[in-house]
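So you can see what is in the structure, the chains are spelled out below.
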Amino acid sequence: MKIRKGAPKDSSAAAEWDLRLYVAGQSRKSLTALTNLKRLCEEHLSGRYHIEVIDLLETPQLASGDQILAIPTLVRKLPAPMKKLIGDFSNEERALVGLDLRPSKEKQL
Amino acid sequence: MRVRNSVDKARIGKKKTISDGALVKSPTGIRGFDEMTGGGLPRGRPTLVCGGPGCGKTLFALEFLVRGATEYGEPGVFVSFEERPEDLAVNVASLGFDLAALVKEKKLLVDHVHVQRSEIEETGDYDLDGLFIRIGHAIDTVGARRIVLDTIESLFSGLSNEGILRAELRRLFGWLKDKGVTAVITGERGDRALTRQGLEEYVSDCVILLDNRVVNDISTRRLRIVKYRGSKHTTNECPFLIDDGGFSITPMSSVGLTNEASEERVTTGIDRLDRMLGGSGYFRGSSVLTSGGAGTGKSTLAATFAASTCRRGERCVYFAFEESESQILRNVRSIGIDLAPCVAHGLLRFRNSRPTFCGLEMHLAAMHKMVEEFEPSAVIVDPVTNILQVGDAREAATMLIRLLDFLKLRGITSMFTSLTAGGSAVEATEVGVSSMMDTWILLRNLEADGERNRGLYVLKSRGMAHSNQVREFVMTNQGIQLIDVYTGSGGVLMGSARVNQEAFEAAEETRRRAAIDERERVMRRKHAALEGQIAAIRAEIDEDRSSLELDRNVELSRRDRGDALRGELARRKNADSATQNPQPRSRKKNGQELRG
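Chains as they are written, first to last, in my numbering: chain A, 22 to 130; chain B, 155 to 750.
Think of the hints as simulated: they come from the structure by calculation, not from any bench.
Yeah, the Cβ is synthetic: ideal placement off N, Cα and C, and Gly gets one too.
Please note: incorrect hints may appear among the correct ones.
Dumping the calculated DMTMM-like pairs for lysine to aspartate or glutamate here, alpha-carbon to alpha-carbon at most 20 Å [to be verified]: (1) A/Lys98 x B/Asp188; (2) B/Lys333 x B/Asp265; (3) B/Lys260 x B/Glu240; (4) A/Lys104 x B/Asp188; (5) A/Lys104 x A/Glu79; (6) B/Lys381 x B/Glu189; (7) A/Lys98 x B/Glu273; (8) A/Lys59 x B/Glu276; (9) B/Lys523 x B/Asp188; (10) B/Lys258 x B/Asp294; (11) A/Lys104 x B/Asp294; (12) B/Lys331 x B/Asp365; (13) A/Lys104 x A/Glu37; (14) B/Lys523 x B/Asp546; (15) B/Lys381 x B/Glu240; (16) A/Lys59 x B/Asp279; (17) A/Lys104 x B/Asp279.
Away from chain A, derived, C-beta distances all over 12 Å, residues of chain B [unchecked claim]: (18) Arg197; (19) Glu225; (20) Lys260; (21) Asp283; (22) Leu285; (23) Ile287; (24) Leu313; (25) Arg346; (26) Ser358; (27) Phe658; (28) Arg673; (29) Glu697; (30) Ser700; (31) Lys727.
So that you can see chain A by itself, here it is in the shape it has in the complex (with noise of 0.2 Å):
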């Protein structure tokens, strides 16, 4: 059970990028999320970002508050605007348009 699990070790106080996972127990789904979610940001943001884990099942009263329906529901709260992404982002490119890396991955090309 990971209550508001703080993120790699590299996560400040200062990151640019902050992101939030909703979850329901440590379901196949949610532990795909979070495993998916963690080598994009390493890939696209390493250092820049921070990821809080929030699971519904122990908190039920945080999901009305981001609106939550689906699980694993990703938002991202900085950098503005917010966005919602839902989904264990086993597909990469939307995750990658949601999150909008999409140009730099583009960069990179």
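Starting from the structure of chain A, add chain B where the hints point.
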């Protein structure tokens, strides 16, 4: 309803009884709905309420929750997928529901689930556990026994993966069932199916269809129970009304013709009319139809009845569809009926509205409501013909039957006035109204000799001896008076013709009487003269008789003297006494003759 249920049980038999016993129902508290379904919605199961836009789905669902929280001690959760809680509270405040207070008391929880497709990117496999958790949390927070999902179809526009969505919805309804909450799920009506997204596939226990149809520019809301597993229910489309008291559904047909017939009579307000109706007026709780052409006095008769009802201290409702309250008051005051004090004392209440103001059902529901609130002992509908023109004939007939049933069940005496069109048959009434009525009074304009007179007939009156004669109906400034019409050698006459004829007859009678008196006088004189003559003749007879007697006595004494003389002579001559014997004989003979 109870009667019907037991009948059905008896007919359908054992199987039905078992399932009825197993199915527990959650009362909705919505007027009329619990009667239709025999107790409400299936407890612990989801019910689908579907219909087009603006047909009242949300209000139905919300009233179910509010009534549950306030009347049945069952807290509820309202999950709104469309309206924000603030908007919702404002929208239902007009129905008298105070959502904010209920939320404060923790009897109700409103959760707004907002889905915006443009904000969401789908990146792979997901499920709706978030929604489950939210709903579960909401249910646990207030200890909800009831839940509404309004309108869950919005998810289809927010999320693109229909496959996941459908699977999750199926799971959601199953999950709600497991939690044992009674759920109402609303759905927008689709083109071919009941709902756009085919929600009826997932919710199969109870499906309710709401409809708002416009016929002849007038819209009528209707409710139909499409299916209700394991329960008997009304299958008809039932019209309903949304007003400041929430929903009210008026079942199509009443329980049955089981109303108790009263022996009690109520006066018509007109002494002569009471006498025409077997001596004491209408039966209490009966229906009276007053039909007639324009200006025959239908409303006046109705107002007279209203006044007499109030005079007994009973309440009366006057549904007027042609005139305003003050106009009616003014008009009847001119004939000496003052209804204003009845209104002031709260015994008489008017409801004036144009028939085209709303649909038949709306009228019916409004009438139901007023009667239920005011509990009158008499109801007047003036005129019923106008209101019947709003819908089609069939609709009008069923509406009237329902109104009659409703009033009869409550033992309310009802009077309907019906305008007969000029060209149609005098005894014709709209939609065969008359056959439903217990008493039918016909008012007719009778035109003769350049004037119109009103005639009143009692065409029928069930269960009482009634007069078959026509009466002249006269409005005086002391109210209505019924006068015997002239029926004699001159035909049936009314009005001034009757007055003329009566005067003529009176003169004629005086003349005849005078003639007879004259004859009597002549006769008396003649008789007196004859009596005189008779006396004279009798005197003559007596005179004759006495002179005859005198003569006879003279004769007898003469003969006696003769006999004595002869005897003396014989004695002197010593003659034998042979001649002595005949003497007494002849004397006797003479005596007999005299006597005769």
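Problem set entry | Assertion that serine 700 of chain B lies farther than 12 Å from chain A (Cβ) | Since the minimum Cβ distance to chain A is about 149 Å, serine 700 of chain B lies beyond 12 Å and the statement holds.
For this session: Mind checking the alpha carbons of lysine 59 of chain A and aspartate 279 of chain B for me, to see if they're no more than 20 Å apart?
Result: holds, 17 Å
Problem set entry | Least C-beta distance between lysine 260 of chain B and chain A, which was stated to exceed 12 Å | With a cut-off of 12 Å, lysine 260 of chain B remains clear of chain A, as the shortest Cβ separation is near 15 Å.
Problem set entry | Pair hint lysine 523 of chain B and aspartate 188 of chain B, alpha-carbon separation not exceeding 20 Å | holds, 17 Å
Exercise. Given the proposed pairing of lysine 260 of chain B with glutamate 240 of chain B, does the C-alpha separation stay at or below 20 Å?
Worked result: At roughly 17 Å apart (the allowed maximum being 20 Å), glutamate 240 of chain B and lysine 260 of chain B satisfy the hint.
For this session: Take a quick look at aspartate 283 of chain B and tell me if its Cβ sits farther than 12 Å from every Cβ on chain A, holds or violated.
Result: violated, 4 Å
For this session: Decide, holds or violated, for the assertion that all CB atoms of chain A are farther than 12 Å from the CB of glutamate 225 of chain B.
Result: Holds, because the least Cβ-Cβ distance between glutamate 225 of chain B and chain A comes to about 28 Å, which exceeds 12 Å.
Problem set entry | Minimum Cβ distance from phenylalanine 658 of chain B to chain A greater than 12 Å, as the annotation requires | holds, 96 Å
Exercise. Given the hint that lysine 333 of chain B pairs with aspartate 265 of chain B, does the C-alpha gap stay at or below 20 Å?
Worked result: Since the Cα atoms of lysine 333 of chain B and aspartate 265 of chain B sit roughly 18 Å apart, the hinted pair holds (cutoff 20 Å).
For this session: Compare the distance between the alpha carbons of lysine 104 of chain A and aspartate 294 of chain B with 20 Å, and conclude whether the hinted pair is satisfied.
Result: Cα-Cα ~30 Å, so violated.
For this session: Below or equal to 20 Å on CA atoms is what counts here, so check lysine 104 of chain A against aspartate 279 of chain B.
Result: Answer holds: lysine 104 of chain A to aspartate 279 of chain B is near 18 Å, not above 20 Å.
Exercise. Quick one, are lysine 381 of chain B and glutamate 240 of chain B close enough, alpha carbons at most 20 Å?
Worked result: violated, 34 Å
Against the hints set out earlier in the document, violations occur for numbers 1, 4, 5, 11, 12, 14, 15, 21, 22, 23 and 24.
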